[in-house]
Amino acid sequence: MRPSAPLLRVRDLSITHADAADPSVPERDGPSRTAPDGVSFDIRPGEVVLLLGPSGSGKSTLTLALNGLVPHAVPATMTGTVEAGGLDTRTTTTAQLSTRVAMVFQDPDAQIVTGTVYDEVAFGPENLLLPLADVTARTEDALRRVGLWERREENPDRLSGGGRQRLAIACALAMGSPLIVLDEPTANLDPQGIDDVYEALADVVAAGDRAILLVEHDLDAAMGFATRTIVLDRSGRLAFDGPVDEVLRRHVDELVDMGVWLPAATLAALRMREAGVAVDPLPLTVAELREALNSSSWPLSDSEPAVTARSSSERSAAERDEPPHVAFESSDRRFDSVAPLLRSTTGDTADPIIRARGLTVHRGRTEILHGIDLDIRPGTLTAIVGANGAGKTTLIQALGGVVPPPRRQVAVDGIDPGSASPRELSSRIGFVFQNPEHQFIAHTVFDELAHGLRLRRTPDAEIEARVGEMLDRFGLAHKAGVHPFLLSGGEKRRLSVGTALISRPRVLALDEPTFGQDRARAAELLDLLESLRAEGTTVVVVTHDLQLVAEHATHTVILAGGRVHAAGTTAELFAGEHTFTSAGLRLPALHRMLAGTA
Amino acid sequence: MSGADAASPGPSAPAPEAAFLPGAGSEEHPEPAAEMRNRPRIAGTGRFPTAVLLTCAALGVAGAILLGPANWLSTLLAGVPFLSTGFAGLWLLPSVIALRLLRRPLVGLLVGLLAGLVLVPFSGYGFASVLTNLWWAAFTELPFLFVLWRYWGAWMHYAGAVIVGVVYPISAWAWFDLGAFGLWYQGAFFAVTIASCVVATALGILIADRLRRAGVGGRAPRG
Amino acid sequence: MSTRTIDPYAAIAPASSRHFLYALNPLAKVAGVVPAMLLLVFVRDLATPATFLVLSYAVILVGARITRRTAALLFLGVPLGILALGSGFALWVDAGLVRDSIPVLRIGEWTLFQGALEIGFATALRLGAILALALIGGLTTTGPDLVRASVQQLRVPYRIGHTALAAFRFVPRFGYELSVIRAAHRVRGHHGGRGPFARIARGWGYIVPLLAGAIRHAERVALAMDSRAFGAHPTRTERHLVPFRVRDAVFIVLCLAVSAAIFTILFPWQLP
Ligand SMILES: Nc1ncnc2c1ncn2[C@@H]1O[C@H](COP(=O)(O)OP(=O)(O)OP(=O)(O)O)[C@@H](O)[C@H]1O
Ligand SMILES: Nc1ncnc2c1ncn2[C@@H]1O[C@H](COP(=O)(O)OP(=O)(O)OP(=O)(O)O)[C@@H](O)[C@H]1O
Ligand SMILES: [Mg+2]
Ligand SMILES: [Mg+2]
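Residue numbers (the working numbering), protein chains in the order written: chain A, 1 to 598; chain B, 599 to 821; chain C, 822 to 1093.
Derived by calculation from the structure, the hints in this document are not laboratory data.
Positions of the beta carbon are idealized from the N, C-alpha and C atoms, including for glycine.
Mixed in with the good hints there might be a few duds.
[Said to hold, decoys possible] Label pairs and their calculated CB-CB ranges:
{"#": "1", "chain 1": "B", "residue 1": "A800", "chain 2": "C", "residue 2": "L975", "range": "57 to 67 Å"}
{"#": "2", "chain 1": "C", "residue 1": "L975", "chain 2": "A", "residue 2": "H362", "range": "39 to 49 Å"}
{"#": "3", "chain 1": "A", "residue 1": "R563", "chain 2": "C", "residue 2": "A892", "range": "37 to 47 Å"}
{"#": "4", "chain 1": "A", "residue 1": "S531", "chain 2": "C", "residue 2": "R1060", "range": "55 to 65 Å"}
{"#": "5", "chain 1": "B", "residue 1": "R811", "chain 2": "A", "residue 2": "D280", "range": "53 to 63 Å"}
{"#": "6", "chain 1": "B", "residue 1": "A752", "chain 2": "A", "residue 2": "R473", "range": "38 to 48 Å"}
Construct all of the structure, not just a fragment, from the sequences and the given hints.
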């Protein structure tokens, strides 16, 4: 192939999903919307293209069209053309296109089809009917590249999340396709997992004969890696296309308006700009930000610290509550403008509403939690963080009585989740599962919300009123009669929170509430949680997103290896980086910079 | 008595089904015309989209999880009349759900086959459970074979249930040595089998409809 | 069910040379015993099923590795089952057919005849023998190997075969999803009652979410498989060969010969 010949040619591509779920509701994210809409671009060898756009702009849909899954396997109407390696996707099957475009999907579990790591990678080449020698050669090469060769005999289920995602990349490599498309490959991975994935990818593009198209929300990880970015706007049209730094710097205001997320350093610089500090050129990485700060000659006066303009996601809570404490000890006052990200809260005086003493949890024969001692006070928002497999889910499920813990080790709002009846439990603790679909019981949104009240024999009129109020609050009023499974991802998440809240529990526990949400949605949800907290609800969340923890949580619990590694107010913990690194975590880029280690 | 029972639904079933062919529109209407056109009629397996195959796999596994305990229960209870045949309908359930949900030829048989394969290590009958499952699944598919899978009315599922409810006791005659038992036992055997098959079919239809309402399966890509 | 802990892909433990059953083609193990299983349905005596039962046990004990689980199945499960079935059937045999035989037990009006016991136990023994024959293959073959053999020898389309392989992978996933849904419903206080009816109502509530989740997962896996050239060609490179060798033919022929010999010698059917 000539080096200049495009690996991919997309012309005027528009796609409308053929889901006739409820075409009468013209909602922003409603079904049968055309996204992407009239998109054209080329991808050439050696390029690493970052595809950006707000949620629902059609990024995932676009990736599906690149190897013919749209229109062959996913029911959707498509106009325009996609040519991959010279083949028209409309007339070529996905199976044949797989030698031109390889895919890595977001959910690594849903990509595993065989029983061992080796078989998994060999699956593709075998389907291509390659000679046995080629199959083994390609498999070995791909496995070595992602560092899984030593583990080839293992069952993929036993790999960590990052390991499985690397396995998916190895499978894509083994297809021998010059273009690899990845749809959010690092969601829900801990820092080690993210590093693993990007290391494998960097290795792939190093040779220069392959290209990568990457959809990614975590821009900080992708920034040093991508060479070009394509931005879709809210309606799915192509907004910008060009080198990453150029697009981000030149169109930053449009991108912010659009709701596209930006690197943390860029966001910080924007806040400073709003505060009247010129940072030029706009930094994209933490290193650039530091450099900009060091070289900038901005007005510094001790009597008048830089005012902070905060994004909407932070504002709500901060303003309702006590004034933000700037607990961060920086040697340089100039950093104060970003420091309010790190807030602390008082309130450590009240009696704990959740108390665990020597909590030990077994699953099967393995002991997963080893004697956890924990106090959570009322009216706090506590985040539980930790690396993959640290025991976060196990802990929150034990606290919430989802999996009853041993008796007399946990007390929540005066009851023991180890022995309480489900009804008692559900009136004290609202629990929101990682996958909202798991907890839906009823067949309409209304009944779903009413369920908790009916259990308590609330009069119909009151049910009507309270459910109506909840529907309004969550922007679901027009969906009252819809089946919960037919909602969009963000709506499902809000509904599951609503069902947990409707019986007005004093404790709300959420497992990975931001999973599968884009950051705008995550921020929206966290605003809600903060307002609940301000009303007196005690909120406990499990999450991977430390930036979010820094911005919203009053207290943080770090788990490592089934033990409490550290616990305290968020501000205290974020002051020292070592607490996090020794638990296999990494502070958000910005905090690392502030701590002077990035 | 049992002979007459056996004869009436069996041979008479094809007649009304065939009669329905031209007038099948009423039940077909919910299906958009395009969708009907795109569907393979008597599909070669090559024309099964992967999503449909794997949906069948999921249903087959679900069926096996249901049939595993049912299988042991009915083995243990085989000495007690009716209780064991009372479970017979469960063997129809996975295939009925698949046919009703996916509305494609041969998915009922495929689900039965897969449920049987998954059962092999757990059922204690070894490979015989594959044959057993295929046998039951065949009857869920049978009525649709008569209309070449062009008409998907709910009553066709019940026709299959009644047929198998009659055929099973007859074929099990030798297996259970029914000839050696009293007449009322034999009669009750028929009644219980038919009732169980019909109830299970109704359950299957209910579950499949609920799944459709939940936006699952009915959307499986077309050919 | 205990499916969660069972790895369908775990290879059956390496067989010593004595354990010849593991080295046979799965299809041979099916083909060898199926004729006898079918014929057994139509016998009425005690000797024929008993012979087959003993023979199958001998083959299994010699040719298969006996774990604690299989031992329990063979020496507790099957005998107890036959006992329970036999006595159960004996109770329901039409008294008119066996009135001439010796009464064994009399409770009030009701009499248990020896003939009834014979018929009952013949039926139970027959089912036991059929089961034992099936166990020859069932205990010594993994599902995936049976699927591979079907693809390689019976020319079953490989897309169907791989659907079956995918099904084996869904088994542990179902266990996991079920436990999560159970916990979620519990937390929401759904059908919290005790007793069999509450339990059935609870189980019913799990079905739709469980199936919906499983089908969604299946659809996603299908996309991943399509993207990796699944179905690109009518056949695919096979790395796991499940060959059909001379020994398989020998096994089938031996099985058939022995079955034929038993049926001829014991001839369990009265000629008209
Ligand atoms: N299977 C489907 N059926 C119907 N509509 C769909 C389907 N999948 C996506 N859509 C709709 O198509 C549009 C584009 O969705 P897509 O998933 O491509 O967005 P995205 O840019 O990837 O968003 P996100 O960042 O949240 O992943 C959305 O409006 C979505 O609701
Ligand atoms: N049912 C189970 N049986 C055996 N081990 C289990 C079970 N559930 C979880 N584990 C193990 O317990 C450990 C903690 O699991 P847990 O799900 O609590 O981790 P986590 O911190 O939530 O991880 P992640 O970030 O990946 O969600 C893991 O090593 C996991 O493999
Ligand atoms: Mg997406
Ligand atoms: Mg977890």
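Going through the hints against the structure:
| no. | hint | in the structure |
| --- | --- | --- |
| 1 | A800(B) <-> L975(C): 57 to 67 Å | 36 Å, violated |
| 2 | L975(C) <-> H362(A): 39 to 49 Å | 46 Å, holds |
| 3 | R563(A) <-> A892(C): 37 to 47 Å | 42 Å, holds |
| 4 | S531(A) <-> R1060(C): 55 to 65 Å | 57 Å, holds |
| 5 | R811(B) <-> D280(A): 53 to 63 Å | 56 Å, holds |
| 6 | A752(B) <-> R473(A): 38 to 48 Å | 41 Å, holds |
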